[in-house]
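With chain A held as given, fit chains B, C and D onto it using these hints.
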Amino acid sequence: MNLLPFALLALSAPLLGSLLAGFGGRLLGRCASHCLAIGLLAVAWMCSVTLLYQMWYQHAPALDWMGYNWLTSASLHIDFGLLIDRLSVAMMMIVTSISLLVHIYSIGYMHDDPAYQRFFSYMSLFTFAMLILVTANNVIQLFFGWEGVGLVSYLLIGFWFKKPSAALGAYKAFIVNRVGDFGLLLGLALLLYYVGSLNYQPIFAKAAWIAQQHIIFLHGHSVRLVSLICILLFIGAMGKSAQMPLHVWLPESMEGPTPISALIHAATMVTAGVYLVVRMSPLFSGSPVALSVVLVVGATGALLLGLIGLVQNDIKRIIAYSTMSQLGYMMAAAGASAFSAAIFHLISHAFFKALLFLGAGSVILAMHHQQDIRKMGGLRSYLPITYITFLIGSCALVALPPFSGYYSKDAIIEAVHLAPIWGGHYAYICLLLGAFVTALYTFRLFFLTFHGSPRFDIDKEHLPHESPWVVWLPLVLLAVPSVLFGIVHVQEFIYTSPEGWLGQVVYVMPALRNYLSDWISEFHGVFIATAQAVFELPFWFTIAGIMTAWILYLVKPSLRAKYIKPDNLISRILRAKYGFDSFNDSIIVRGVQSLSRLFYHIGDMRLLDEGIVNGSAHRIKQLAQWMRCLQTGYLSYYLFVMALAWVILLATWVGWF
Amino acid sequence: MLLKEYLPIVVFIALGIGFGLVPLLAGFLIAPSRPNKAKESPYECGFEAIETGRAPFDLRFYLVAILFILFDLETAFLFPWAVSLRKISSLGFFSMLFFLGLLLIGFLYEWCKGALEWE
Amino acid sequence: MWIPEGIVLLAAIIILLTGLRLKNAKLLAGLARFSLLLTMLATILIKTYSWKHHLDTLISELWFMDHIAFVMKLTIEITAWFVLGLGVHYTQHEDIGSGEYYALTLFAVLGMLIVASAAHFMVLFVGLELFSLAIYALVASQCHISIGIEAAIKYFVTGALASGLLLYGISLIYGATGQLAFVPLMQDLGVIANGHSLLISFGVICILVGVAFKLGVAPFHMWVPDIYEGAPLSVMLWIATTAKIAAFAILVRLLWNVLAPLGSIWQPLVQFLALLSILVGNTAAIAQSNFQRMLAYSSIAHMGYLLLAVQLNTESAWSVALFYMLSYVIGTLTAVAVILLLQHKHAHIKQINDLCGLHQRHPWLAFILLLAMFSLAGVPPLLGFMAKWQIVQMLIEQQQIGYAITAMLLTIVGAYYYLRIIKVIYFDDLQPLDPAKPNIYPPALLAVQPTASIMAALCGGSLLFLGIFPAQLLQFCLQVF
Amino acid sequence: MIGLSHYLSVSAIIFSISILGLMINHRNLITLLMCIELMLLAVSTNFIAFARYLHQPAGEVFVFLILAVAAAESAIGLAILVLWFRQHHSVDVEQLNRLKG
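First to last, the protein sequences are chains A, B, C and D.
No gaps in the numbering here: position 293 of the first sequence is 293 in my numbering, and each next residue is one more.
No gaps in the numbering here: position 9 of the second sequence is 9 in my numbering, and each next residue is one more.
No gaps in the numbering here: position 344 of the third sequence is 344 in my numbering, and each next residue is one more.
No gaps in the numbering here: position 66 of the fourth sequence is 66 in my numbering, and each next residue is one more.
For reference, chain A alone in the conformation it holds in the complex:
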């Protein structure tokens, strides 16, 4: 069976939907616009399902399609091509499923928004860009998708651009991502320079060769080329996947509409960094240093960013910090070369995190856009469906068996525990503590929102009520995989070989294959694994977290006041978010500002502005005015110029002759 038409259709349908909703939005009206966008997205989804079916059940071989050479300049070929393998199909499946549900959800959530069609257009455009990213067979196309999703993310964070905080958040996302892109671009440039091609295939074919190259810096220090490339690529991944210290944009991105937070900033775009690392596994596996960096950065983020979630009060921001923490888990798994576990966690996380965000959106709708959990409470009885689905999502997030999160997170923690690479122990401790923290903030949020007594003004006329079906239906649909996905697929996905289901797609360093074999040999079937939970440390950390949350926030809230001073050191640090923001603001932003002021006054004003930019613009405008004056409008003058030019041409020729 030929997979290509399906892949192409899956790519083009969202683009078409976006164009139709965007340009024809006014003509079509709201209903037709969203119907078209959703219908076309459903087509893309069906195609993804077909592809996944072919890959999963029929074991179809990977498809590397060199479609079209768009541009050639010396060794730089800019091609359009598709790589449909297990990894990209899994990603396509996630992207289209979540996107489809979020589209449906948005009908209800964005119902009153005047820019309704624009919203759908952006979302479909995002889906298109994300699909381009994951199906690319070369890094240029990946970069195109990468920037595409970045752009749409920027547009959507700033969707309510009249709100200053939204506009600022959009700026922040844009600028921080540029830092990451800078690293990514440098990495790609190095690849192009050394490999001479940007297609995956030649790059991976030369991975062993790259691993032996060294770059010598000024003082004779030599650096392994592959480590340099991988770390640069990872900087790009850090930007996109909100890893420390480039995570600062993600909380701000919560200013965007909630469906966007679910789609872009939880389920899909932010996982692009993980995807990049997994996709580039043949390179990363050549560099233990890079793997350790990935592992340590990921694990640190998993713990520290989760901790911040404890002191946040905005419902969306808590979930955002939890996203960053979970992305840390994925990165840690990738660092430990357990690529399948990383992708598996990516998928299950996409389901339950989208569920949590959409649930949060439902709560926000019910609370009339109140996002502070201190002003909620007791919503259980008003929002039964949201309550149950949110509970499922929370259980999956904190990795309670048999919810899907358990299998992925447990696999990750176990893999990191066994991983014989530098930083492994540190990472293990971080992740273990992270499990406790995750449980604590998740159930803090859950209890404060749904249990206890209402802390909002109860207006008998306008009691909070359950959202319309378009809003709760996606919640229910997402709750199903949040429960079942792990238990059904974990065995085949992770525990079949050291590479897992991804097989040939990823490449594991030979030195690490042994430990991965040990790791998968400890698995004796899903049910045993589920039952074994009680003998494992992470489970008890989780339970401890839940219990703590239960006691502190539900049973005896007074304990909080007694033991946790609001201004003690730890909570001050957490509230300050480790000072990243203020560091950025005071050192980087202000430093850059003062530096740029310096440059501004000396370089810009004097040299560039007066001299080059404005100067040249001014000169050109002067020239333009002058040219204009040349066009006097007098016929005799025109004829004179023509004849003069003719004579000059003749005369020049005689001169040459």
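Just so you know, the hints here were simulated from the structure itself, not pulled from any lab data.
All C-beta atoms in this analysis are idealised placements derived from N, C-alpha and C, irrespective of residue type, glycine included.
Keep in mind that a hint or two might mislead.
Stated by the list, open to error - Anything over 12 angstroms on all C-beta distances counts as not near chain D; from chain A, calculated: (1) H59; (2) Y193; (3) P402; (4) L463; (5) I551; (6) L574.
As the list claims (entries may be wrong) - Below are the SDA-like pairs computed for lysine to any residue, each with C-alpha atoms no more than 20 angstroms apart in a straight line: (7) K113/B / S98/C; (8) K162/A / Q360/C; (9) K206/A / V195/A; (10) K113/B / R60/B; (11) K23/C / A115/B; (12) K350/C / C143/C; (13) K52/C / I3/C; (14) K163/A / Q370/A; (15) K113/B / L20/C; (16) K621/A / L279/C; (17) K621/A / G101/D; (18) K100/D / W626/A; (19) K423/C / G22/A; (20) K163/A / Y116/A.
Okay, now just chains B, C and D, sitting in the frame of chain A:
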């Protein structure tokens, strides 16, 4: 060989342009220019000018003249054709008929358009 | 072999005569477009026929039937078909859509087709004059509008001077070689290429000047802005697209099929003209406020880029020039198509500022205009970028890196005025024309014109499509030469 | 003895004069038309001279075409001029400067 014969032409072109330009430029550059109202008004035996010197023709003359020129020159093609009619085959004959046919259509057009009527 | 020309001639005569009685512009336009369709069909059929039967590409020293002729003819016919289709409402609305108007356009097409096939200086001259004279008359077709007549007079006089120079050059070449037919002439010139006389050099320069005028290349560009501004919009489109293709056909015939052996004479001159054109076009366009005038300067700059490819005088360079010509024509067609759609009775689009807030009223038209502007400015992934890219690459391959850099720098200068239009249509607010009539905004549709709208969308879409998938078109252009 | 170069010289001079006439004339549009005719005549002279010199009829045939085209050209030119005259009641070249810049 032609080159040498042709070199004078270059000189002539240069001279021709020079002759035209130099007096003009000289006049423009050297001559004092102090216009006043009296100088700029047309001279007509001391009277104020009654009308412009160039009395306009009736436009209809132009129209007829244009049409005359056109058809007159197109018929010029008939002379070489008539002279060499024996040498050119029937293709030549019919070509001219085709050409005349086109002229006829043009004539019809101007007739229908009313271009031939004086009033 | 002359069937396409015959069809056009017949249709022109029929329209001329029926136009005397029939005043229905739509019907006349339909007839003209139908005849153009037939012509396209005939062109393709003849080409396939002669290709199948291996007919000679030259007919009695007068008439080429080669690839170049075929491509030029087909492009001219298709463009003419688009121009006519886009202008139907406009001509009706401006009350210029009489029988004469359409007959003249068809005569112009006839002249262009003759030029595309000409293999003899006489044929070329007659074709050239036929389409030039028809266009002079078309420019003056709004006989009550003063600037239209002024434009026509200026065009006529400068054009006559250019034809005079061209003829003078032809006469000199004729005197030096005794040949007027292209094929033997090129052979003769190939023999004497190294020891050419002053006579021939003079002839080449005069011919070059004549062609440069037709293309509207600086410093023979003075007519372009005035004629673009003064002419009715549909006629301006005619001059900016089909006439440019015909001028390019003349350029190809004269420089490639005749004077190619004398490249050493004209290549440096063409270089000079090209750079001057790019400079003049791109800078002068910045100071413009009139849309048509801005397009005129833009076309001057584009012809400069075209000549930058032409001056390399290799087969692939000519192919790239053809590719560039096509990209320019489609881009201009798209841009003017949008403006043609927007000519409302109370709100003519003359100034760039009349387009304020177009996006808010007609997002699709705004987007099509955006595509056109981006393509003309050379923004990836549109066709215009591809064309510029090919030229720059060609220049770099030929070690003319200085020219490549200059051209690119001036492209950046040029991007300014295209982007200004985008700024106006997307970021400026609507301004009611008249406070008393708040419903009428300058960017208003002339009428609902499904066909013309589809045509405009087609043009815009092809800019995008061919920009992303240029390989086939490029391959096609490479096979022409 | 009058040879080719004399004819060519005369035609070159006529050509230059006509171009100068086009450039210098600021007053009368009709003169412009006359200059254009003069220019074409100069070219025709050239062709005839070459044709005689080369003993070929082709150049002479070309002259016929040039004459016919010249007639058409002046017809169009006059027609446009008449349109202008109807509006402005003048044939002043200097008035043609609404379009500029």
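Here's how the hints hold up against the structure:
1. Non-interface status of H59/A relative to chain D is upheld: no Cβ of that chain comes within 12 angstroms, the nearest being about 71 angstroms off.
2. With a cut of 12 angstroms on Cβ distances, Y193/A stays outside the contact zone with chain D, its closest approach being about 50 angstroms.
3. Separation of P402/A from chain D is adequate, the least Cβ-Cβ distance of about 79 angstroms exceeding the 12 angstroms criterion.
4. With a least CB separation of 70 angstroms from chain D, L463/A remains clear of the 12 angstroms interface cut-off, as annotated.
5. In this structure I551/A is separated from chain D by more than 12 angstroms, as the shortest Cβ-Cβ distance comes to about 82 angstroms.
6. Listed as outside the interface, L574/A is consistent with that label: its C-beta sits roughly 66 angstroms from the nearest C-beta of chain D, beyond the 12 angstroms cut-off.
7. At most 20 angstroms may separate the alpha-carbon atoms for a hinted pair to count; K113/B and S98/C meet this at roughly 13 angstroms.
8. Note on K162/A and Q360/C: the hinted pairing holds, with a Cα-Cα distance of about 18 angstroms set against a maximum of 20 angstroms.
9. Distance check on the hinted pair: K206/A and V195/A sit about 7 angstroms apart at the alpha-carbon level, within 20 angstroms; holds.
10. Between K113/B and R60/B, the direct Cα distance comes to roughly 14 angstroms. Compliance with the 20 angstroms bound is thereby established for this hinted pair.
11. Straight-line distance between C-alpha atoms of K23/C and A115/B comes to about 19 angstroms, which keeps the hinted pair within the 20 angstroms bound.
12. Distance check on the hinted pair: K350/C and C143/C sit about 19 angstroms apart at the alpha-carbon level, within 20 angstroms; holds.
13. At most 20 angstroms may separate the alpha-carbon atoms for a hinted pair to count; K52/C and I3/C meet this at roughly 18 angstroms.
14. Restraint check: the Cα-Cα separation between K163/A and Q370/A comes to about 16 angstroms, which is no more than 20 angstroms; the hinted pair holds.
15. As the CA atoms of K113/B and L20/C are separated by approximately 7 angstroms, the hinted pair is consistent with the 20 angstroms bound.
16. With a C-alpha separation of about 13 angstroms, the suggested pairing of K621/A with L279/C holds against the 20 angstroms cut-off.
17. Distance check on the hinted pair: K621/A and G101/D sit about 14 angstroms apart at the alpha-carbon level, within 20 angstroms; holds.
18. Between the alpha carbons of K100/D and W626/A the distance comes to roughly 13 angstroms, so the proposed pair stays at or under 20 angstroms and holds.
19. The suggested pairing of K423/C with G22/A holds, with an alpha-carbon distance near 19 angstroms, which does not exceed 20 angstroms.
20. Distance check on the hinted pair: K163/A and Y116/A sit about 17 angstroms apart at the alpha-carbon level, within 20 angstroms; holds.
Every hint, counting from the list given before, is met by this structure.
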